[in-house]
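Heads up: the sequence lines are chains V and X, in that order.
Straight run, no breaks: the first sequence in our numbering ends on number 249.
Straight run, no breaks: the second sequence in our numbering ends on number 248.
One thing to keep in mind: the hints can contain errors.
Stated by the list, open to error - One-sided and incomplete, this derived list gives chain V residues near chain X with beta-carbon spacing under 8 Å: (1) 144; (2) 161; (3) 245.
It should be emphasised that the hints constitute simulated quantities derived from the structure, not laboratory data.
Just so it is clear, CB atoms sit at the ideal spot from N, CA and C, and this is done for glycine as well.
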Amino acid sequence: MLKKISHYIITIIIVILIWWLLSFMLNNSVFPRPLPVFMTFFAVQDKIQGHLLASLFRVILGVGTAILIGVPCGLILGMVKKLDHIMAPFVYLSYPVPKIAFLPVVLLILGLGDLSKIFLIAIIIFFQVVVTTRDAARSINPELILSVKSLGANNWQLFYRVIFPAALPGIFTAVRISTGTAIAVLFFTETFATFSGLGYFIMDAWTRVNYIEMFAGIVALSLLGLSLFLLIDILERVSCKWLYLDDSK
Amino acid sequence: MIKAQGISYSYKQNNTSIQAITDINLDILPSTTCAIIGPSGCGKTTLLYILGGLLKPEEGTVLINGSPPTGKRKDIAIILQEYGLLPWNTVLENVTLGLKIRGLNTAHYKDRVNAILEEMEIKNQIDKYPSQLSGGQRQRVAIARSLTLQPDLLLMDEPFSSLDALTREHIQNVFLNLWKKYQMTSVFVTHSIEEAVFLGQKIIVLSSGPGRITEQLENSHFAREDWRSSSSFFEQCQKVRSILKAGV
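Excised from the complex, chain V in its bound form:
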């Protein structure tokens, strides 16, 4: 664990060094040095915190909704071959559609508030979660299912004792990949017709030509993404203990 933390600290130092080197070489106020950015980041904490919470609320609700609906859909498609056969073309056709382009439509129908932003994040993440979860449920060793069936398990017992735990690592992979996408979508939705969220904070600083504050916003958004990743990691370690047996020694 200590080794891992020191590893992360070294990585952060290297990233900041590269940042400093780039800003030094570019020598342009659009790309400020790390130190003034971090100082501003702490100086405007009061302002940033509200935006951060607004963003956090949207991204967690968006990703959460996508997981709550997407995971059961994916598991069912993975288990019931006939249904998957019928649904697969729909999923494949709608998966590559750039749903972000529907932002204007979503804004007009669901309004300018949080709902439209959460909806857009959820609908984009939903497809990633469904496809990954379905593939995880499909690849379960059939012998495991037979052997638990032979102990007399009914379908529900089979689901929560075998299929769900077997698909859980795949679900976490889906959530991890989706979180990156979710933050990108979040940023985009917050740049339109809103006065809250880190996306707005960054774009607002930009229009005020306050590049240092803009970068402080970028740092906040990165930290938001990082903490979500860490949260997913911790949740996975707690709920998929059997995968991390060597680490605990």
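Put chain X on the given structure of chain V with help from the hints.
Using the frame of chain V, we list chain X on its own:
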């Protein structure tokens, strides 16, 4: 105990059907052991699944103590090739899985479970996960899990095939002792001639696909731990080998 008449089964693959087994007749007496041996792809596993009620035969009937082996029959235990242990459950959780699935309060069965864990020499492994165990230990967990249900019929699919030679012999002896103690009817599928001769009171030889019975041998000397090194053991093995060869 087991009466099977005229069982046939075929698999569908890309619109063609492949006959796995055909016209199998079996009569296995209670409290005996029976080895089913045959070349790869002769439908041994299919036959075992049918006896355990995991597959329905296309033709013929199977009766276990006079009734068909539906998935809900409580007294059949099946151990599959890779043992079927859940990787996300500890040894103890795996061993008590059958009890939990049948809605039984595991606390009531603590003594029974403890006795079995001790008997299978896995008592000090109960908090480990299957991936932390050796092949032999996994097999012990799988056997322990089926014993907790006190089955009167134990079906095993190549139970000892992935173990190294010495572990295999050791665990074969463990199995024999259990069988002598509990007297459950045991049917196992194997591709090892020595295993069939050592453990099978009756040896059923299947021909290659579609599997049909070439011969049924009574094997009265089975289950004697010292038999492995006697010359009659090798003679019996030789006999099974020649029947197997004739059936390929």
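Does the CB of residue 245 of chain V sit less than 8 Å away from some CB of chain X? Holds. Min distance 6 Å.
Restraint satisfaction for residue 144 of chain V [CB to CB of chain X, less than 8 Å]: 6 Å, holds
Agreement of hint residue 161 of chain V with chain X interface, Cβ distance less than 8 Å: Holds, about 7 Å.
Going down the numbered hints, you'll see the structure goes against none, and every one checks out.
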